[in-house]
Structure formats: C-alpha cells, structure tokens
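S.K.: Using the sequences and the accompanying hints, generate a full structural model.
As given, the protein sequences belong to chains A and B, one line each in that order. Here the first sequence stands for residues -3 to 211, where the numbers follow the numbering used here. Here the second sequence stands for residues -3 to 211, where the numbers follow the numbering used here.
Any given hint might turn out to be false.
Copies of the same chain are indistinguishable here, so a pair counts whether it falls within one copy or spans any two.
Calculated pairs, SDA-like style, for lysine to any residue (alpha carbon to alpha carbon, straight line, at most 20 Å) [to be verified]:
| # | residue 1 | residue 2 |
| --- | --- | --- |
| 1 | Lys(-1) | Arg194 |
| 2 | Lys(-1) | Arg153 |
| 3 | Lys119 | Asp157 |
| 4 | Lys96 | Leu139 |
| 5 | Lys151 | Asp52 |
| 6 | Lys151 | Asn112 |
| 7 | Lys95 | Leu139 |
| 8 | Lys95 | Asp117 |
| 9 | Lys(-1) | Thr12 |
| 10 | Lys119 | Gly167 |
| 11 | Lys151 | Gly111 |
| 12 | Lys(-1) | Asn41 |
No lab work stands behind these hints, which were simulated from the structure alone.
Protein chains: 2
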Amino acid sequence: MTKPMIQIALDQTNLTDAIAVASNVHSYVDVIEVGTILAFAEGMNAVSTLRTNHPDHILVCDMKTTDGGAILSRMAFEAGADWITVSAAAHIATIEACKKVADEFNGEIQIEIYGNWTMEDAKAWVSLGISQAIYHRSRDAELAGVGWTDADLNKMRALSDLGLELSITGGIVPEDICLFEGIKAKTFIAGRALAGERGQETAEALKVQIDRYWN
Amino acid sequence: MTKPMIQIALDQTNLTDAIAVASNVHSYVDVIEVGTILAFAEGMNAVSTLRTNHPDHILVCDMKTTDGGAILSRMAFEAGADWITVSAAAHIATIEACKKVADEFNGEIQIEIYGNWTMEDAKAWVSLGISQAIYHRSRDAELAGVGWTDADLNKMRALSDLGLELSITGGIVPEDICLFEGIKAKTFIAGRALAGERGQETAEALKVQIDRYWN
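M.R.: Here is the structure:
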C-alpha cells in the first residue's frame, strides 16, 4: 500500500471559514475532508466548492451515511467527492447500495466505525469490496487523558489484517505515529492541529514519522 | 400521552421542492421533518426556511448525529428545529452532549435506532432523560414483502415499556396502525404517501385509525 497520507478535517460551521482553512493548508495535506458539521451546515455546496478550489486533492464527504444510501452517496459523488463515509450502524443493504454508487463514480466507501460493531460486520464490509474504514480513538480514553489503548490497537490490527486500510483520528500528534507501525494506515486525520499556526510544522513532523515507519 | 401525530419526512434533494411539498401538506400534518437527504443537500438553510414558513409546526432535523454532538445539535436548534435525531450508534457521551443542548433550547432528542443496539443501550438513553426513539420497519422484511414482524413489534413494545415514545416509519399505511395498539407512538412518519396526490386522503385515513386505537 501507499504511505499513509495527511488529511485535514474541515468542521467549520460556515463555508467561508472552511474555504480559507483549506486554502491555507492545501499544500501540505493530501486529503481534504468536508466534515459532517460542515456538510450539515452548508450542504453539498461545500463539497462542490472545495472540489472546484482543489481539483487535485482527494475530497472526502463525511456523511456517516446511515440510511437512504443510494441517494446520499450519489449526491456527494456528483458534487465532487472521491470518498464518502458510511456508518458501521447502517444496514448492510445500505452499505451495499453506497458501494454500487461509488463504483459508478470510481469513488470509494469508508466505514465510520461507531457503535456495537463486530468482526462479522467487518468481514461483511470487506466481502462487499470495501477497503477502507475510519478508526477513532476511544473517547473515554481521550477524556481520561489516556493515549491509544491496547484494546484500540488490537482492534485496528484485526481490521487491518482483514484488508481494511484505516484512516486514523483522535488527537493525532507526531509522537503517536509509531504506535501504528504494521497497521494498514490510509490517512492520519487532524483538524485544528493542521489548521492552526503550526499546521505546516505539524504536517512535516507527521511526514517524518510516517517515512520512518512506512517505507 | 397525546395521540400519535402525523409527520411528513421531506427527503427532496433541493429546497425548492421541499418548500413546495411542505406548503401543500402542512394543513394535514403535525410534524415537518427535514430529512437527512435534504439536510445534507441544502444545509441548515433548509431548517431555517421551513421554520420561517411553518412557525407553528413541530420541526425535526434528522441528522442521525453520530459524533460532534454538541456542535451539530446547537446548529440545528439555532436554525429552528424542535427535535433532532441522534444515532443509536453514537457514544453515550455524544448522546448526552446533544441532550444538554436540547435542554437549553427546550428541544428534544430522538434516538434513531440503527445497528447492533441493545436494551442496555436503550436504558442508558432513558436514564439521560431521553423520551423518544424512531423505529424503522426491518428493511429485509420490507424488501421481502413481509409486513411488520413479531420481532419488530416485540422490540417496539419493550422500548415503549421503558418509557420511550416511538416515531414509527417504514411504508406506513392506514391498515398498519392497528398493529401498534398499546405501544407509545409519538408520530407516524411517511414521505411520498403524504406528499402525493392522495396525501390528504391518506392523512385522514391515518387519523381515523389513530382515533380508533388511541383515545
């Protein structure tokens, strides 16, 4: 697989701010994500505007699609998304409908891992031809000031071994990257860490670590 | 509890069409829902426009909130929603964050029941003070041409007994209403059945059945 990429999550509540952030960071990120907050704030106009502004970036639309998959996925791909997210809680028929639409557009589906998912569920996603999932650090751990737990890392390895490339998120800092060695990591996602004043510095530090552990 | 109400789900992919449908049906529905498709198509402008057009209706914003709950819920309530939906797959901390915001606005949270939820989960929602959930007919059943199953009805009774008032959806027709007698039903939700030519007739037939079984 390719080396893990850097992804910025845009969760501004208005498009003007999101456009500005994307313009500031685009030279040091590979993937631009219309976060769920931005997508609900501004609608598909957020996707199409960012597609126009950044024609060569991978563009993600983070809808966490739970139902109405055929229509939601088509809307996002038509607006210019390359990848869309689908909730792990969606019925398998919904996930399948999204995958069919993705195939029409040469796009990809990423499963947003939330709720009481099982490895049987994960095998079902893989059997549909889905090759990506998004793994969030345990929120309890984050709130308790605990880093990535063994439970997280074991689940991530198991998903990776099934063939899922993971986008990894949850307060990612360069010092964390080594934890994920050996796991198929598609992207590392950050928001404020990349958008702020030290964004470029952070991106470069992430890339140094990525180069160390994936080569 | 009050009698079950009639709710229209607006899942148009553009606001112009949604506005027209809402204007046509508003006299015979109690609740207007900005469906997830419309919310992602047009953003919060859909919520604020329908709030302006229909100041006296209950307005639902169906985001199926999975993460970022504090921000998403605030956005929707500020735009004029009375009720917002939160995914059963969301972390309990997310659900709690949404409930806190709802309380600020005298709004309500409805849990969208998807994925591998358990009765323990349901008890946790109730313990947060959540009193509403949305129950969808089993999709497999619907595709197989099977009506509401005993499995559906038993789960619905169990949720109702915990204290959750259910919004019920999935090809609802007047002939189905009797199946739900004894269950706490907050609303019956329909889309095309209420929006089409025979919408008013359908709404009236639903109300006749509602009056028979809830009084």
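S.K.: Give a verdict on every hint.
M.R.: Against the structure, the hints:
1. For the identical chains of this complex, Lys(-1) and Arg194 are neighbours neither inside a copy (23 Å) nor across copies (57 Å), given an alpha-carbon limit of 20 Å.
2. Taking the closest pair of Cα atoms, Lys(-1) and Arg153 come within 20 Å of each other only inside a single copy of the chain (17 Å); across copies the shortest separation is 51 Å, beyond that limit.
3. In this assembly of identical chains, the alpha carbons of Lys119 and Asp157 lie at most 20 Å apart only when taken from the same copy (11 Å versus 35 Å across copies).
4. Taking the closest pair of Cα atoms, Lys96 and Leu139 come within 20 Å of each other only across two copies (18 Å); inside a single copy the shortest separation is 38 Å, beyond that limit.
5. In the homo-oligomer, the alpha carbons of Lys151 and Asp52 never lie at most 20 Å apart, since the shortest distance is 33 Å inside one protomer and 48 Å across protomers.
6. Proximity of Lys151 to Asn112 under the C-alpha cut-off of 20 Å is found in both arrangements, the shortest distances being 13 Å within a copy and 18 Å between copies.
7. For a Cα distance limit of 20 Å, the shortest separation of Lys95 from Leu139 across copies, 19 Å, qualifies, whereas the shortest one inside one copy, 34 Å, does not.
8. Within a single copy, Lys95 and Asp117 get their C-alpha atoms as close as 15 Å, which meets the 20 Å cut-off; across copies the closest is 29 Å, which misses it.
9. For a Cα distance limit of 20 Å, the shortest separation of Lys(-1) from Thr12 qualifies neither inside one copy, at 31 Å, nor across copies, at 44 Å.
10. For the homomeric pair Lys119 and Gly167, neither the shortest alpha-carbon distance inside one copy (28 Å) nor that between copies (30 Å) is at most 20 Å.
11. Proximity of Lys151 to Gly111 under the C-alpha cut-off of 20 Å is found in both arrangements, the shortest distances being 14 Å within a copy and 19 Å between copies.
12. In the homo-oligomer, the alpha carbons of Lys(-1) and Asn41 never lie at most 20 Å apart, since the shortest distance is 31 Å inside one protomer and 40 Å across protomers.
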